[in-house]
Amino acid sequence: MGFNSLVFIFILLPFALLVYKYIPKQWHNIFLLILSLFFYAWGSAPALIMILLSVGFNFFAARGIGQHIESGDKRTARIQLIASVAFDVALLAVYKYTGLDMPLGISFYSFSVMSCLFDVYYGKTSAQVEFFDFFLYVMFFPKIISGPIVKWEDFRAQVHNHAVTRDGFLQGFELFLAGFFKKALLADKLGVTLASLLARPQQTVGLAWIGVFVYSFELYLDFSGYSDMAIGLARMFGFSFKKNFDYPYTSESVSVFWRRWHISLGAWFRDYVYIPLGGSRCNRGTQIRNLMIVWVLTGIWHGSTLNYLIWGLYHGSLVLLDKFVIGERLQKVPRRLRILLTDAAVFIGWVFFFRTGIGDAFAHIGRLFGIGAAGFWSRATTFSLTENLILLIIAALCCSPWMKNMHAKLTYKKDGAAMYISVALYVILFVFGVAGILGSTWTSFMYANF
Amino acid sequence: MPDNKTPQQKKALYKRSLIRRHHRIVFTAVMALIVLLFLANLLTPSKKTSDAENRSLAQRPHITAGGLRDGSFAEDFDTYYSDQFVFRNQFIKLKFIGNMLLHIKENNGVLIGKEKYQFEIPAVPDEKLEAKTIQSINEYAKASDGIETRMMIVPGSAAILKDKLPVSASVPDQVKDIKDFYSQIDDGIRKIDTVKILKQADSDNLYYKTDHHWTSEGAYTVFKAAAHELGIKKPGRYNKYTVSTSFKGSLSSKSGDFIGKDTIEVYVPKSNETDYYVSYPNAQEKRASIYKPEMLDVKDQYLVFFGGNHPLVEINTTAGTGRNLLILKDSYANAFVQFLIPYYDHIIMVDPRYYYDNVNMVVSNYGINEILYLYSADTLFTDTSLSDALEAAADAAAEDQDQSEEAQGEETQREESQKE
Chain F
1 MGFNSLVFIF ILLPFALLVY KYIPKQWHNI FLLILSLFFY AWGSAPALIM ILLSVGFNFF
61 AARGIGQHIE SGDKRTARIQ LIASVAFDVA LLAVYKYTGL DMPLGISFYS FSVMSCLFDV
121 YYGKTSAQVE FFDFFLYVMF FPKIISGPIV KWEDFRAQVH NHAVTRDGFL QGFELFLAGF
181 FKKALLADKL GVTLASLLAR PQQTVGLAWI GVFVYSFELY LDFSGYSDMA IGLARMFGFS
241 FKKNFDYPYT SESVSVFWRR WHISLGAWFR DYVYIPLGGS RCNRGTQIRN LMIVWVLTGI
301 WHGSTLNYLI WGLYHGSLVL LDKFVIGERL QKVPRRLRIL LTDAAVFIGW VFFFRTGIGD
361 AFAHIGRLFG IGAAGFWSRA TTFSLTENLI LLIIAALCCS PWMKNMHAKL TYKKDGAAMY
421 ISVALYVILF VFGVAGILGS TWTSFMYANF
Chain P
451 MPDNKTPQQK KALYKRSLIR RHHRIVFTAV MALIVLLFLA NLLTPSKKTS DAENRSLAQR
511 PHITAGGLRD GSFAEDFDTY YSDQFVFRNQ FIKLKFIGNM LLHIKENNGV LIGKEKYQFE
571 IPAVPDEKLE AKTIQSINEY AKASDGIETR MMIVPGSAAI LKDKLPVSAS VPDQVKDIKD
631 FYSQIDDGIR KIDTVKILKQ ADSDNLYYKT DHHWTSEGAY TVFKAAAHEL GIKKPGRYNK
691 YTVSTSFKGS LSSKSGDFIG KDTIEVYVPK SNETDYYVSY PNAQEKRASI YKPEMLDVKD
751 QYLVFFGGNH PLVEINTTAG TGRNLLILKD SYANAFVQFL IPYYDHIIMV DPRYYYDNVN
811 MVVSNYGINE ILYLYSADTL FTDTSLSDAL EAAADAAAED QDQSEEAQGE ETQREESQKE
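Residue numbers (my numbering), protein chains in the order written: chain F, 1 to 450; chain P, 451 to 870.
Warning: the hint list may mix true and false statements.
[Claimed, not checked] In silico lysine-lysine, DSSO-like type, Cα no more than 27 Å apart, as pairs:
| # | chain 1 | residue 1 | chain 2 | residue 2 |
| --- | --- | --- | --- | --- |
| 1 | F | LYS413 | P | LYS465 |
| 2 | P | LYS461 | F | LYS404 |
| 3 | P | LYS465 | P | LYS455 |
[Claimed, not checked] Estimated spans, in silico, between C-beta atoms of each pair:
| # | chain 1 | residue 1 | chain 2 | residue 2 | range |
| --- | --- | --- | --- | --- | --- |
| 4 | P | ALA479 | F | SER304 | 42 to 50 Å |
| 5 | P | LYS578 | F | LEU313 | 31 to 39 Å |
| 6 | P | ALA479 | F | SER317 | 43 to 51 Å |
| 7 | F | GLY372 | P | VAL574 | 41 to 49 Å |
| 8 | F | PRO201 | P | ASP520 | 34 to 42 Å |
| 9 | P | LEU493 | F | PRO276 | 34 to 42 Å |
| 10 | F | ILE30 | P | MET550 | 46 to 54 Å |
| 11 | P | LYS690 | F | GLY359 | 38 to 46 Å |
| 12 | F | ILE390 | P | THR494 | 34 to 42 Å |
| 13 | P | THR713 | F | PRO201 | 30 to 38 Å |
[Stated by the list, open to error] Stretch-level coverage of chain P by chain F, calculated; a stretch enters the list once three of its residues show a Cβ under 8 Å from a Cβ in chain F:
| # | segment |
| --- | --- |
| 14 | 474-487 |
| 15 | 517-531 |
It should be emphasised that the hints constitute simulated quantities derived from the structure, not laboratory data. Since the model is a prediction, treat every value here as computed from it, not as a measurement. Just so you know, even glycine gets a beta-carbon here, dropped at the ideal spot from N, CA and C.
Using the sequences and the accompanying hints, generate a full structural model.
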C-alpha cells in the first residue's frame, strides 16, 4: 500500500489514528505492529513470508553477535557479523540480479536489519535485542516501503518511549500533507510530462534539457514528498525520525549535496562502510579507495543495470574531484554560481536514471551538448516549454526553501486573516491532490465495455 | 507576575501560537473532509456503470483465501474504491481544471485547443508498416487490372485546423506524411487531395470538436470537390438534417468529459429516385436506411452511421448505373458513404480490421468495377490489417491463376490422349 492511495488516506489512516488515540498506551506497539503487517500485506501478501524469514534470521544473528560481544569474544562476533551481512547482501543481490519478483521495500528493510547487526557489533546499543522491538523496527509501516532507513540505534532509543504530543502530532500531520502535495500535485504531473517529452520524435538540444529539468524536479519531489509523508506519519504515532532531504538542490558542492540528499542512505554507508574501512583517517590512496567503494555500492543499491553503476562512479568521481582537486579553488567562485554548477552536475547524472539503456543515456547526454540532436530548438520545444512552464516554476520553487519561507512570511503575520487563507489553500490543495489520484484512474471507453 | 518579556519575545510567542493554530485548523479541516468523504463513500450505494466513462465500474470484491494470499483482493479493492469514490466525475473535472490553471493543454493525449476544439495528437507513421501497406496496395492494383482504383486519405483535425491548436502547439506533420504516402502509390491509382480541399474549405464545421472524426459537412466538402474525380459528373443536392446537438465524442471522453458538445448532421439526397437497402451479412440484418437513430442514445453517437464498423456492409440500390464499388475503409468512411448512394448499384464497405474472408470473393461476387481506399491517416499509417488482407487476396488470386493454368494443361493433355 502507498501513502498516496485512497484506501490508505480515507480508510486506514483515520481508523488507525482513532484506535491509537483510545487504546491504552501499553498496547500501542502491538497495535502498530499489527497495523504495519496489514499495511505491508495489502497487495504484497506473498512477499510477507520473505520479510518474516529475514526478520527471524537477522534476529538470531543479532542476538548471537550480542552474546559474543557481551562475553568479550569479539572475534567470533566479527565472524558472525560478516557471515550474516554477507547473507543479507547475497539475498538482496539475488533478487536484484535474477529478475525474481522483488519483495516490496527489500532494498530498505535489508539495510534496516543490517543496521541492527552493525549497531550491536559496534556497541552503539545494548547487545540485548528484544524480538518484538526488532520486529516492529523492521516492519514499522511509515518506513518499510521507501525509508527513511532509520538506524536501529535511533529506533531502539524511542521504541518504548514515544509519547504522542499534541504539537508533534499536528506538525506530523502537516508534514504528511506537504509531502502529499509534492507527490500528488507536482511529481505525478511531472511524470506525465516526462513520458510525453521522451516520446517526441525530434529530440532537440532544448528538449533534452527540458527533460533533464523535469526529471530532476520530479525525482526530488516524489522521493522527498514520500519521505515527508513517512516522517510525518511516524511523528503522528510519536516517533521522531531525522529528515531525509534538506533542500539538496541548493547545495554548493557535490559533497554537500550528498549530505542533504537521501540523508539516511548516505549516513548508512558512512557509518557501516566508509568509517569501518578507515574513513578519511588514512592515507590519501586508501581514502580514495574507500570513497570509490561507497560510491559503487551506492550506485548499485539504486538499481541492477549498468546505468546505476556508472551513475555511482560518476558521483564518486565528482566527490573526489571536489575533495582533492578543485574544491578549494571553487571557494572563490560566488556561492550562487557554485550551486548552479552543482545542480548541473547532479541533474546531468540523473539521465542515467530516466534513460533506461546505457546507450540511451549517453545519447541523451550527447544531445544536451548538441551531439546527435535534431537541431537546437524547434516548435515542439517551444510548446513543451510553454506548456509546462508554470509547473516547472512551481516545482523549482518547491525544490528550494523559498516556498516554505514565503509561506511562513505571508501566513504568520500580525492579523490572523492570512492564516485562514493558508488553511483554505491547504484544503483546496488536498482536494486537488485527491482529484489527481482519481484522475489517474480515469479510463473512458468510447465503445461500451459493460 | 509582571510582564517582563521584550517585544521581540512577545512577537515570537505570538507567531508560535499562530503556527500552532494553523496546524490545528488544518488538521481539523482536512480530517473532517477525510471523515466526511469516508462516510459518504460508506453510505453511497455502489453504481453499476459509469456513463461518463462508458464502462462497468468495479464492485466490492469478495474476500477469498486465494485473493488474500496472492494480493489480488487488495488490488481489486483499490480499484473498487477508486471506481466507486463519491463525486468521482467531479474530481476528474477538477483535475482537468487544475491542468487548465497550470496552462497544461494536454490531457491524456488530447490537446485542448481554442474555441473548445479538442485534438488527437496524430500518430507518427511506422515506416516499415507504411512500406508494407504501400507495397500491398500497389501489387493488388496490378493484380486487379481493369478495376478503377481511387484513394482518399483524410487527415485528422490537427493537420487542418492548425489555427485552432493551442498556441505554439506542434504535432507530427500529417500533411507531409500523406503527401509522402501518395507519392509512393502507383500512378494507376487516382489519389484525391483531401488536404487541399479541406484546407481551402470555408467552413468551421469540418471536424467535430469533441470527437476524432470528420463531420458530415467535412465529408460533403470533400465529396463535392472530388465528385468529378470519383466519376460523378453531376452531383445532386442533399437535404441536411440535424440529428443530435448533444454529441460528446471520443476526445471528450478521453480528456475527462469536461468541455464542449457537438452537433451531428446527416445528408439525404433531395431527389428520392434511388431506393436502397443496407445489409449486414454477419449480423444477418437488413435495413432500409444507413442511419441507426437508436445509436443517438448511446455515448458514441457517431455510431448513428451504420451503427459503427462492420466486417462487411452491403448497400444495394436502384441507381442502375452499372457501377459497383468496393470501399476498403475505416470509420471515416461511415460519414462519407451517405453521399455516394445515388451513383452506384452496389456499394460494399469492407473494414479489414474485422473482415477475415478473401477480398477477391467480394470483387467477383458483386462484380466490383471500382475500388476506393477511404482511410483516416491515423488508421492507415498504424494499422496492419489492410496490407494483410490485400496480400492474402493477391496470393489467392495467384493460386487461382495457377490452378486454372493447371486445369487447362490437363485438358490439353486429355484432348491429346483422346486423339491418340
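request  = Return the numbers of the hints above that this structure violates; sort them in rising order.
outcome  = Those not satisfied are hints 7, 9 and 11.
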